[in-house]
Structures are given as C-alpha cells and as structure tokens.
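**Q** Protein chains in written order, with the working numbering: chain A, 1 to 572; chain B, 573 to 654.
Do not rely on the hints blindly, as some may be mistaken.
Claimed, not checked - Computed cross-link-like contacts, BS3-like style, restricted to lysine-lysine with a CA-CA straight-line distance of at most 27 Å:
| hint | chain 1 | residue 1 | chain 2 | residue 2 |
| --- | --- | --- | --- | --- |
| 1 | A | 446 | A | 424 |
| 2 | A | 91 | B | 580 |
| 3 | A | 241 | A | 256 |
| 4 | A | 412 | B | 596 |
| 5 | A | 238 | A | 212 |
| 6 | B | 611 | A | 446 |
| 7 | B | 596 | A | 59 |
| 8 | B | 580 | A | 319 |
| 9 | B | 596 | A | 91 |
| 10 | B | 612 | A | 50 |
| 11 | A | 214 | A | 176 |
| 12 | B | 596 | A | 319 |
Quick caveat, the hints were computed from the structure, so don't treat them as lab data.
The primary structure of each chain is shown beneath.
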Amino acid sequence: MEYTGISAASGYALGPAFLLQDSKIQVVKSEVPKENLNSEILRFEEALGKAAHELEAIKEKTRQTIGAEEAEIFSAHIMVLEDPEYSGAIKELIRAEAWNTEWAIQEVTNRFLGLFASMDNEYIRERAADLRDVSNRLLRHLLGIRSQSLSEITEKVVLFAHDLTPSDTAQLDKDKVVGIVTNIGGRTSHSAIMARSMEIPAVVGMQDLVEKIKAGDFVIVDGSEGKVFVNPTEDLIKSYKGKQTRYEAQRQELKKLVSQPSMTPDGHQVELVANIGNPQDALVAVTNGAEGIGLYRTEFLYMGRQELPSEEEQFEAYKAVAVMFGKEHPVVIRSLDIGGDKALPYLDMPKEMNPFLGYRAIRLCLDRTDIFRTQLRAILRASAYGNIRLMYPMIATLEELKGANKVLETVKQELLAETIPFNKGLEVGMMVEIPAVAVMADRFAKEVDFFSIGTNDLIQYTMAADRTNETVSYLYQPFNLALLRLIRGVIEAAHKAGIRVAMCGEMAGDLTAFPILLGLGLDEFSMSASSILPARALVRQLPWRKAQLIAEAVLEMDNPQEIDVYVKQKMQ
Amino acid sequence: MEKTFTIKSPSGLHARPAALLVQKAGSFPCDVFLVKGEKKVNAKSIMSLLALGIEANEEIVVITEGEKEAEALQAIGELLEA
Numbered sequence: 001m002e003y004t005g006i007s008a009a010s011g012y013a014l015g016p017a018f019l020l021q022d023s024k025i026q027v028v029k030s031e032v033p034k035e036n037l038n039s040e041i042l043r044f045e046e047a048l049g050k051a052a053h054e055l056e057a058i059k060e061k062t063r064q065t066i067g068a069e070e071a072e073i074f075s076a077h078i079m080v081l082e083d084p085e086y087s088g089a090i091k092e093l094i095r096a097e098a099w100n101t102e103w104a105i106q107e108v109t110n111r112f113l114g115l116f117a118s119m120d121n122e123y124i125r126e127r128a129a130d131l132r133d134v135s136n137r138l139l140r141h142l143l144g145i146r147s148q149s150l151s152e153i154t155e156k157v158v159l160f161a162h163d164l165t166p167s168d169t170a171q172l173d174k175d176k177v178v179g180i181v182t183n184i185g186g187r188t189s190h191s192a193i194m195a196r197s198m199e200i201p202a203v204v205g206m207q208d209l210v211e212k213i214k215a216g217d218f219v220i221v222d223g224s225e226g227k228v229f230v231n232p233t234e235d236l237i238k239s240y241k242g243k244q245t246r247y248e249a250q251r252q253e254l255k256k257l258v259s260q261p262s263m264t265p266d267g268h269q270v271e272l273v274a275n276i277g278n279p280q281d282a283l284v285a286v287t288n289g290a291e292g293i294g295l296y297r298t299e300f301l302y303m304g305r306q307e308l309p310s311e312e313e314q315f316e317a318y319k320a321v322a323v324m325f326g327k328e329h330p331v332v333i334r335s336l337d338i339g340g341d342k343a344l345p346y347l348d349m350p351k352e353m354n355p356f357l358g359y360r361a362i363r364l365c366l367d368r369t370d371i372f373r374t375q376l377r378a379i380l381r382a383s384a385y386g387n388i389r390l391m392y393p394m395i396a397t398l399e400e401l402k403g404a405n406k407v408l409e410t411v412k413q414e415l416l417a418e419t420i421p422f423n424k425g426l427e428v429g430m431m432v433e434i435p436a437v438a439v440m441a442d443r444f445a446k447e448v449d450f451f452s453i454g455t456n457d458l459i460q461y462t463m464a465a466d467r468t469n470e471t472v473s474y475l476y477q478p479f480n481l482a483l484l485r486l487i488r489g490v491i492e493a494a495h496k497a498g499i500r501v502a503m504c505g506e507m508a509g510d511l512t513a514f515p516i517l518l519g520l521g522l523d524e525f526s527m528s529a530s531s532i533l534p535a536r537a538l539v540r541q542l543p544w545r546k547a548q549l550i551a552e553a554v555l556e557m558d559n560p561q562e563i564d565v566y567v568k569q570k571m572q
Numbered sequence: 573m574e575k576t577f578t579i580k581s582p583s584g585l586h587a588r589p590a591a592l593l594v595q596k597a598g599s600f601p602c603d604v605f606l607v608k609g610e611k612k613v614n615a616k617s618i619m620s621l622l623a624l625g626i627e628a629n630e631e632i633v634v635i636t637e638g639e640k641e642a643e644a645l646q647a648i649g650e651l652l653e654a
C-alpha cells in the first residue's frame, strides 16, 4: 500500500515499523487509608525526585547532541516540577481528601490547564504543553509505565508516532531510528525540523496511518517525495535500495564539502549562505555548510499568533542565530516583510485589490513606525552578539530608504542614551526587487552597504505576472532576458560603487541559473539549506572564466527555453 | 512589607521576565506574593504567575514576609521596573 504525506526530511529508509505508543495513561481514583497518608506523600516526592533527575539528564544530553536552544525546553519542564504551588496543591489534596497521588496530580494539572485555557497567548499555550508533559512523566513513574520505549529499540527501525514531543526527539538514537513517520505536523513542525537536523528521512502529516499500521510491518519511507509504502513488493524494495545507495553515496560526497571554501578552480570565491525563518532553521543551515545567513525572514516571528512579538522575544530569536554564526559569518536580518500574500490577522489590514502592489513591507513599516522601531531595537541589541546586518525589503524610492534610515538613527540614539550595547558599524543593505530600483541601482548603491536581489518579486513585477496565479505562471520566467539584463545592471552598478551583491530568491539555489549568475559576478548566493552543498560542488568544478563565457552567450539569446537548454548542455 | 509597582516590560510578565522573577523570588527565604486586583499569588510559582496574566503598564503589589523581606522587596522591584 502506498500513502502520501508531507516530505519533512529527504532521503530513503527501509525497515520494520516501530510504533511509539502514545501510552494512554489511565488514572483511577482511590482512597488512601489514614495511616498510609504519609507514605503516599513520600511516594509523590519520590516520583518528583525521579522525574527531576531524568529531566536533568535529558537536558544535558540534548544540550550536547542538539543544542543549547533546544535544551532550554527542559529547563522550563524542571521549573514546573519545582513549582511550589503545583507540588504543594498536590500534597494538600492527598492529605485533605485522602486521594491517591495519581488522582491528585490529575486534578491539580487540570486546574492549572483550566486557568491557562482562558488565556489567549502563545507563550501560555506552550507552558500548558510543558505542564502536560511533566504531569505525564510523573504519572508514568507512579504507574510504572516504562516511558522510554525509544531507548529500548535494539534494531534499525522506522519510527511511527502520532507526533513527536521534544522529549521524544531528544532520546532518538540516529543509528537505530532510520526513518520517521508521524500523523500530524507540517514542514516547519518540531518533529520535521529535528528530523532534518538529524538527517533522518521523514514524512509527516500522514493523518491516521499510524493507527493502520502494525508493529513489524515492513515499510519504505521516501522522505524526498513524502511517500510511505507499507509491505511493498520485492521489486519496489529492490528499486528503493538502489535509490538509497545512490543517495547515500552522493550525500557522503557532498558532506566532504561542508567546511570547504566556495571557490572556483581558477580561484574566484563566492559565498553560499542560507535563507531561514527561525533559529531552528539556522541549525540545519550550519550542518549543511552555510557560510552565514543571507536572508532571515523575520515575518515568521509575527505569523501564526494573536499579537505582535515583543522586543524581548525578537531579540532572543535574532541573538540566537547571531551567536550560532559568530563574528566571522554574517547574518542578514530582513526587516518585516508583511502584507501582499502574508497578512497578519491581528493588524487589521484592509483587503486590497492588488495586495502585491499594495501596503506591505517597508511601506507598512514606515507608516507603523511603532512596529518598525520595536523590531529595529531588537535587531540592534542582537547586533552586539555577532555579525548581524540589516536589510530593508521592497524599497522603491530613495526617500523610502532615507526614511527607514532615519528611524534607524533615532532608535540608535535611544539605545545610546540607555547605554544598551549594539554594533555601531551595523551594515545596512536593501533588497532589489522592484524594477524601478534595479534600473536606478547606481544611485541606490551609493546609499547602502550591500544589495540583495529578490528574484521572486523582481520577476513578478518585471513581467507583471502574479506569481500566485497559476493561469499566468508561464510568464514567471527567471531566464527572460529582461530579467537577466536587470540583474547584470544591478551587479555592475554595485561593483562600480564598491559594494557586494547577493541574491536571495529561489533563483540563487537553482543549479541551471547558477553558472549564469556566477558569470555575471554575483558575490553571494542565499538559498535553502539543502541546496548549499550541491551548489558548492558545482562552484568547485566550474572555472569562473567558463561561467563568464556562458553568461555572455546567454545574454545574447532571446528565448528562455534556449538559455535553459544551452546552460544544461554546457554543464554536462 | 509591601510596595506597588508598574510593569515596564512591554510584553508584560510573560516568558523570560516571568521566569526571571520566579528565580529571583525563589532565591530568598521569605514568602513573596504578587497581588493583581483581587488575586494574590505565590511569586515562587511560575504557573500561578503566568495564570495571573500580568500585562504591560499594570499595577502590581509585591508583598514580602519573613527573613530578608526588605532585600527581597528591593530585588523584585528592580526586576519589575527594569
């Protein structure tokens, strides 16, 4: 049987299914005889001690194997465990009501969950999940349910679970768990991100597959295509074993390039950096050999929630990435690019006829300076901890650029007055994604420290074709000569002014576009983490001179199709 | 001892500020309570504190009782007004 879900981590895995039982904890109410109340309380305290001990160990292991950021989840768990009102109320109930410990725990847990449920706040919801996790851990100790079934896996298996909690993933043994399949989740859910950083092929969002499968069923996980095959035919197994071998060999080859420079055989060096949306992505970028972050999309910090993120919250999210990459490697943070196809329900933005041409990104920020200032404060504060650069999206005029810089300046003055440290030499750049700017690049180049060409928008604005509209998708042509000429002009103008040019659209990670862009002299290529190593392999075997000749040739061609065929032929 | 404070942190008393306050309160031997309106909670309890849902610019009364109550009141006050 073949099932389709969402590809969460690429690669192939074959093996018997292991079902992670979502151990349904059944709590029964019973009365404790008066003479046993003291020993019942001791029983509770013993469980508390065991759970705390266990959490400390998991926290330490997570810190070593995954990272400090992830380990903090368990500090929050320990804090719940040490909460005097929580343990106090449980003991109180045992003593006053003569309830068994399990029932008292359930009662107190539900009371707090009830209090939290009425509060509409992302942080509180996370703490509610922590509380549930902690109370289940206590109950498992008391009921003698062996929770750590994950550590009992002795052979190579494909793990099936409804969902994986941070506690689960912290205990995953990469050598035993060769594949992961979960019922819920998407590409950005916790389990998917962890699977990618541990490089375990994974498919998520399988709906109810986990309920249908039996332990020991032989399965194939196709993490690249998001498919799972249960009890497949011999032929299919054979074909997937072949795919797996080729994939592994290729990956091993690429892995050797993680810390190699991105340099052509004739000595021209470029930078291959990653596009990310949150600190967890940054971890994946590091393991894939990113030489920095070329685009930190901050809008994800603002989405999927009910209120604006606070300065503190943003500061932590920016600082975490800056620290991860250190002083050497740049982290380019793009200020809020919301609007267009990305709306924020809590901002109450009016419906527009042409959202892509409307109130978005820097236009919104220059109007809602309260939002902009909070973000700039957070970015500036984080700049004290690494090599952060700031980038404005959707600049159309010099006035907008100057307006944004003016706000930045007042925020800097504010921080100076408060003696809060920040990098006074913070580099400021802008996206080139509006044709008007591409045409006038020479003027803008004098006002910024760097450019980053955003091809996704530059293509749709140059071709006047909505990139979300399928019926005009034929006009979305990265190899249209108009676009290539704009790109060439931007690069020339930047180099003339002595500044660097990056590209952070899909095109930067496209292996066919790569030789052209390299030939045109692009300095930095920012792409999704998984594209970095293949791109590095390409750079290291493509002489710059050859790329320049390719670029020269395609800039004489009229037909995008012709360009595509020509580059592929040249690169064979 | 008791004193009234206005919460300065723009995000109110959630997330990190709440955790810091609980740690600070826990480092003193005396009892520490926070009062918001009619509700009074133990400041050494992260969950009680979160359930109080303290937002920016709200007025909070801090009560300390017992050993080192003056030091505790001052330390908590510094955190709240930071």
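**Q** Run every hint past the structure and note whether it holds.
**A** Going through the hints against the structure:
As the CA atoms of residue 446 of chain A and residue 424 of chain A are separated by approximately 19 Å, the hinted pair is consistent with the 27 Å bound. For the hint linking residue 91 of chain A to residue 580 of chain B, the alpha-carbon distance of about 36 Å lies beyond 27 Å, and the restraint is violated. Taken as a hint, the residue 241 of chain A and residue 256 of chain A pair is honoured in the structure, with Cα atoms around 23 Å apart against an allowance of 27 Å. Restraint check for residue 412 of chain A and residue 596 of chain B: the C-alpha separation of about 31 Å exceeds 27 Å, so the hint is violated.
Simply put, residue 238 of chain A and residue 212 of chain A have alpha-carbon atoms about 24 Å apart, close enough for the 27 Å limit, and the pair holds. The straight-line distance between the Cα atoms of residue 611 of chain B and residue 446 of chain A is roughly 59 Å, outside the 27 Å bound, and the hint therefore fails. For the suggested pair residue 596 of chain B and residue 59 of chain A, the alpha carbons sit about 22 Å apart, so the restraint of at most 27 Å is met. Note on residue 580 of chain B and residue 319 of chain A: the hinted pairing holds, with a Cα-Cα distance of about 22 Å set against a maximum of 27 Å.
At roughly 24 Å between alpha-carbon atoms, residue 596 of chain B and residue 91 of chain A fall within 27 Å of each other, so this suggested pair holds. Between the alpha carbons of residue 612 of chain B and residue 50 of chain A the distance comes to roughly 31 Å, so the proposed pair goes past 27 Å and is violated. As the CA atoms of residue 214 of chain A and residue 176 of chain A are separated by approximately 19 Å, the hinted pair is consistent with the 27 Å bound. With a CA separation close to 24 Å, the supplied pair residue 596 of chain B and residue 319 of chain A stays within the 27 Å bound.
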